[in-house]
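Enquirer: Based on the sequences and whatever the hints tell you, model everything.
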Amino acid sequence: MGVLALKEDKDVRSVLSEFSTICRSIILTTFTAGLWKPLDPEGLAASLRELGFGGAIAVDPDPRAAVEAALNQATEGDVVVVTGSLYLAGNVRSRWIPSDEDLLHGSSYELDT
0 MGVLALKEDK DVRSVLSEFS TICRSIILTT FTAGLWKPLD PEGLAASLRE LGFGGAIAVD
60 PDPRAAVEAA LNQATEGDVV VVTGSLYLAG NVRSRWIPSD EDLLHGSSYE LDT
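For reference, each letter of the sequence shown is one residue, going 0 to 112 in numbering that gives the first Met the number 0.
Keep in mind that the hints were calculated from the coordinates and are not lab data. All C-beta atoms in this analysis are idealised placements derived from N, C-alpha and C, irrespective of residue type, glycine included. There could be a bad hint or two in this list.
What the hints assert, rightly or not - What follows is a list of derived Cβ distance ranges for each label pair:
#, residue 1, residue 2, range
1, 88, 41, 14 to 24 Å
2, 76, 10, 28 to 38 Å
3, 34, 75, 38 to 48 Å
4, 85, 21, 10 to 20 Å
Expert: This is the structure in structure tokens:
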């Protein structure tokens, strides 16, 4: 299972060709970053289909919702890969890692010391 967003200057066919070999389903999404724009996830879906990807393809423009959907669809033993752009990783980072503010002022996360 994978969640993917790409920045507009990436080699789409190469990335999708490689990524599609490790995923049985892919959710395509976007990201928010100041200067950079993501590729349209619908266009990425069309490219995946052109490459002959046989797995499930979904589009969710909300990166956090895309990750949650992937996690909800995953079954025991599945791995969910979130990749394609560090901007995507930054947009969904808080799903797993507390913010600096939470770390400084307390949060529900328990940290090993």
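Enquirer: Falls inside 10 to 20 Å, the C-beta gap from residue 85 to residue 21?
Expert: Given about 19 Å between the Cβ atoms, the range holds.
Enquirer: Using the C-beta atoms of residue 88 and residue 41, is the stated range 14 to 24 Å upheld?
Expert: holds, 22 Å
Enquirer: Given the hint of 38 to 48 Å, check if residue 34 and residue 75 actually sit that far apart at their C-beta atoms.
Expert: Given range 38 to 48 Å: holds, Cβ gap about 40 Å.
Enquirer: Is 28 to 38 Å respected by the C-beta to C-beta distance linking residue 76 and residue 10?
Expert: Between residue 76 and residue 10, where Cβ atoms are some 31 Å apart, the hint holds.
Checked against the numbered hints given earlier, the structure satisfies every one of them.
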